[in-house]
Each structure stands twice: as structure tokens, then as C-alpha cells.
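Engineer: For reference, the chains in residue letters:
There are 2 protein chains.
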Amino acid sequence: MRIMEIREMRVPLRGAVANAVVNFAEHDVSLVAVLAEIGGRRLAGIGFNSIGRFAQPGLLRERFIPRVLAAEPESFAGGPNGAADPAKVRDIAMRNEKPGGHGDRAAAVGALELAFWDLAAKAGEEPAWATIARHFGTTPHEQGCAVYAAGGYYYAPGDGMSLGDEMRGYVDRGFRAAKMKIGGASPAEDMARIEETVAVLGSPGQLAVDANGRFTPDEALARAAELDPLGLRWIEEMGDPLDYALNARLTGAVATPVATGENLFSRQDLANLLRFGGVRPGIDVFQMDAGLSYGLTDYAGMIADLEAAGHARDQAMPHGGHLINLHIVAGLGLGGCEAYPNVFLPFGGYAPQCRLDEGRIHPSDAPGFGLEQKPELAPLIDEITA
Amino acid sequence: MRIMEIREMRVPLRGAVANAVVNFAEHDVSLVAVLAEIGGRRLAGIGFNSIGRFAQPGLLRERFIPRVLAAEPESFAGGPNGAADPAKVRDIAMRNEKPGGHGDRAAAVGALELAFWDLAAKAGEEPAWATIARHFGTTPHEQGCAVYAAGGYYYAPGDGMSLGDEMRGYVDRGFRAAKMKIGGASPAEDMARIEETVAVLGSPGQLAVDANGRFTPDEALARAAELDPLGLRWIEEMGDPLDYALNARLTGAVATPVATGENLFSRQDLANLLRFGGVRPGIDVFQMDAGLSYGLTDYAGMIADLEAAGHARDQAMPHGGHLINLHIVAGLGLGGCEAYPNVFLPFGGYAPQCRLDEGRIHPSDAPGFGLEQKPELAPLIDEITA
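Chains X and L are the protein sequences, given in the same order.
Under the numbering used here, residues 6 to 391 are what the first sequence spells out, in order.
Under the numbering used here, residues 6 to 391 are what the second sequence spells out, in order.
Just so you know, these hints were derived from the structure itself, not from any lab.
Note that the structure is predicted; figures quoted are calculated from it, not measured.
No incorrect hints appear here.
Here are the computed distance ranges between Cβ atoms for each label pair: (1) X/Asp177 to L/Met9: 53 to 61 angstroms; (2) X/Ala227 to L/Pro222: 36 to 44 angstroms; (3) X/Pro286 to L/Ala190: 39 to 47 angstroms; (4) X/Gly179 to L/Met9: 51 to 59 angstroms.
Built from N, CA and C at the ideal position, the CB exists for glycine as well.
Please model the entire structure based on the sequences and the hints provided.
Structural biologist: This is the structure:
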């Protein structure tokens, strides 16, 4: 195969909402297209760096794309379906990068590496989950993936919608579980919001709550103790995501599962969580996200690291409710995925061809990640590949 | 004060050398200039994001500079000498950034925040070390700072220079201590290189060795055990800089001081090293670098964190041998600094007005960091401020 061009497009997120820490109105995402020729066919591999942080036009154009374009085709040959090997592309992109410092660059490389997975699946005319399962020797989910609706943001008065309305909308669409934000209001207000949501979902075991790392250690422990008797599905990112000592105190203090990992961007960061974070096999939830952590090669390595430490792969439920992570969850046979039905467009949510019923989401048969089937993304893909 | 403009210039490093992990020929640095009016005077604050990683034009222009320019002047008022408060500038720059992910953005913000320290010192017509000491209430080094020559890179045959030549050059210039690279050759070859260097320096206690995170845990432990009897000054970054468990095994296994920290870019990462890394009060060496870790505000916080954990501030010897870190070491009264006499130009090394004798380097009386006195930097500062 031959790479003809690698393009990047910065796409602002639509659906301005806020969690306890940041306002997403300023956030954007890098859409990446790899234009290549494989066996005489011209194909475009499409990827992006998940959602909730920032586009990486600078890093992609300054460092990562030039290194891949400068590489000899043989140096990345040998991937699935005659395409480039995404693991080799990742290593070429990371040439001359120092260890440590897993931040923005992990997202830039993630977008690039994932575009090569889309390309490889398209070269085989198969959905990406099938390519992924075969490549990693995993048992894919053939009957769809468990999915929950992530939302439950803070609404300003006059928004014309309440938290209860939002949750009823999810249930009507076929979701059975949901996640809501906490930490942006007083404990009493958040407790009232939780009660309102549980009333709609029918059971506290269907509701997870997410503080987005907002609390100090003492606040996190106090809130966790207060939430623990409710029997929620999980409590997520109560404090600084790199505070492994706090995570160990939390898991030691509550019976409720503790979820974290969306802000761990490398295998070494995960190794520290596994070693120092007091995570409980079979209980806690791991939310690392390939698009934020150097792509699927490293993410699959993280899943192997989890299992080697005694955890089960169904404890992994990646951050980022979008088509790429749906195919990764399906292909690697993970615990489930999230969805952002109303926000983070054009990337959040699934394509109309992805069937949702009784809390399970089924990928379509479109080749690759099927991003072209998403009406909000299709015009951008047309533009970047034109 | 009023900010008129903030500019960024990408500057390639001269003096192409390689350590065990990366080739620096591709590395570059962001020079930042804050053009401001303070009390009717026009001043330019100059900063940069240390050396050894990459320039950050994308992140600075996409996120951090626009946020600071959009802020009301009152929001950052109250800094030293009537200038902006660098701590407030740092917080404004980080608005809407999520916790975790301390990588490239920490260097981008570092360059920006340090330019505001230069500006504040110039507003008071004093060297930056004086501004820093007064602001943080520290006892500055009035008689210069301990300095060692960092180098000892790998020379290809035909380079026209050997490691011994390099080290003799340092001694002739007034250095008494030095640091060299290991890990780019076999253990036997590295041992011969160490012997050659010790012979020039006169004592193993004057020589530190740096593996730049190259070794696997097993290799790191084996090499450390082999090096320990030599009585070296310290062994640096033997394995992955975020592998706190390995650091604890190393400090438990050797009497030689263990140095690390140049790839820890946040207070939370340092907190993990202090908690899990087995670091020894009074023995081990901390090398965090303000320019790579959000600037001096966070760096001074790290020094406070060190002391709160029982360590002494003279265990802190920042990575990055240049004028900015010389003023930080002098102002905060730290253990010492490094110098790169022959490489990393135009940023590495000190100005001719900085007197070096008997292993101590004395900052000049130039206002700010005195970057304008460095002949290699002066034309670039003229250009960015024109």
C-alpha cells in the first residue's frame, strides 16, 4: 500500500454543555483522513481523537503526520487486509518522542492511528470490529454491546429542558442505563438531581454519577460515603485522575464500584493505577479511551495489562460514546460503551443504521468504523477527502 | 499594566546530539514574548519552554495565548512590581482544561508563564532571581549556584572529538562536576566511558550518569547494581520516568543517589513520586523543570511539596541548563543547576556576563532572566519583539 496524503480538520463540537470542571463550548476534535492506495484501490481511512478535550492540528502537522509521510512504505507494511500496520505507524509517529508527558500528543497520535484501523477494515470490506477481533484474537460481541446514555449535565433555568426530561428521552429511545454529572452543585442539590434521575430509570443500579475529577480528596471521600448507600452503578472520577492514593482510599471506603481511567493516556499511567490505586477485580470500572491514548494498539495493550493484573475485560467501558469506541468494544469484547445522544455532535452518538434496543447497541455492517453513515459526520468526511 | 501582544517563535536547536532514546536534531523550542505597557513604559517579557522536547506553536496559538489575550487586565493584576501576576495568568491560560494529561500543554503554558516572570522582573529593573526570592519569601543564593556540565553524549567515530576531550574542555572552563549519557552502548562500553570521564574529573563523586529512561525495569536494576560500587554522584532516569514502583526498587537497592523528575510535569505526578517512589530525604535528586511543567508557579509549588514530604530544597536541581533555570535556582535557593556548554544552542548555556568559577555560576545583574545578554539569543529576541 501507498499513503498519498494525510489530512487533518479541526471540528468544533456542537451542543454546548458544562460539567463540574469545564465548559465544552470551546472544545473541538481533530478529524484525520489517510488517503491511500491499496491493491490498486483508493481508500480513505478516517479517525478522530475522541471527544471532551481538544483538536490537535498543531501537533499533528508539526510532528506526527510529517514523520509518517517521511517513512518508507516497507516500514509500516504487514497490517490487516494488506493495509499498513497501525502499530508500526504508531511507532513511526512516536520516533524521537521522549518517555513521559502523556497529554495532548497521546490524542494526536490516537486520531492518526485510528484512521489506519478504519483504512485496514475498509481494505477488507468489513466492519472494524471484525478486523479488530481477528487481529487481536478476541471473541467479539456478535449480539451488540451494552450501552448507557451519558448526559445528565447541568441545565440553566430557561433552557426549556430539565434533567428528568433528558432522562425520559433516553428511556424512550431504548436506553436502560444512564450517567449524570455531579459536583457542579451542592451535595443536597446533587442528591435531589440523583433522586429525579433514579425515579425515571427505575433503579439506582442503572445510574452512574460522574464528578469529572472536581473534588479535593476530603470532598471526594465525603461525597462517596454519602452516595455509597444509594447502590448506584458506579461513582466516577471523584478526584484528580492521577491521584492513585485517593483512588485506593475510595475503593477501600465504599462498596459502590469506582470508575476512572479516561484521563490516563498511557500504559504506564494505567500500570500505576493497577499497582497503587486499590482497584478491585470484578468490581471497578476502567474507562481509558483509545482516541486519547495513542490509539487502539496501546489501548489493546491496556486491556492485556488489566487482565494480567487479575481484572476482567468486561470491567473496561471506554470513555467517549461514538462509533469508533463501539467497534472497539464490540471487537475486543469489552463491558460496554457510552453514548451521548444529544451532545458532542458531530462525533457523539451512533449512526441511524446502528440498532438500539433494550439497552444494547448493534454496529452496522458498513466497512471500517462506518463513520460515513453518521449524517452529521458525512459532509465533513466528504470535505476532508475531496 | 496592559498586554499589547503575545508572540511565539519556533526556534530549532543547534548542536545535534543523541542520547539513548532520542535524537535532538529534530527538537525545537518555543520562544515567547509578552509585549506590555506598565506604568507608561513598554516592556517585553521573554520566556521559553526549556529544552529537550518540542516547540508548542500549535497549542500556544490555538489555546493558551488567546485565553490570556481575552482576559480583562484586572483578572491578572497584582503581580510583582506592578506587573501581571504569573499565577493568575497561568490559571487563565488553563481555563477549560481538564485534569490529567500533563504533557505538551505543560510546556506551552510553561513558556508563557515564564515570560510573565521576566516581564515582572524587568518592571522592577532587577534580575529575576531577586523578584523570585522576594515573591516566594525564600533565601536566594547570593554567591552563585553550584553548576555541573551536562553532556557526555555519544560521539560517532570521525566526529573529531572524544568524550575525554569534551570533559577536559569542561574542566578547563571552570566546571568541577559533569553528567554523561549511558544506555546507548553495551554495559562494558558504558563502563569504559565512565572510567574515561572519572579520570578527567578526578573523582567518581563528581560524575552523574543519565540513561534517559531507556532501560526496562530488569535492565535498570542490573545496571544500577553494577554502577552502585563506583560511588557516582547520582544515577538518573534509569527506566520509565512514570514507573514509581521501579524508582522505589532502585532506591531500595543502591546507596547511590537516584535522580528523576524532568519528565514529571505536574504537582500530582510529583505527589505520586513522593508517595510511591521510595525517594530518600537528603539523598535523592529531583529534576523537575519549570519550563516543562506549567511554569514557576507550579514549580515553586513542587518545591513546597518536596519540603512538606520531608525532603530538602537542595535536593532539587532542575533539568535544563539555561538562564531561566539559573535564576530559579538562585531565587529559590535550590541545590544547583546544569549547563550544556556545547549543545542546545541558542538556549543552552549562560551569558558571557555570568561568571563561572570553581564549579559555581553567578547570574549577572541584567534585568529579568537576562536572556538579551546571550549572544545566540539576542538576535532572536530582537526579531520576536520587533
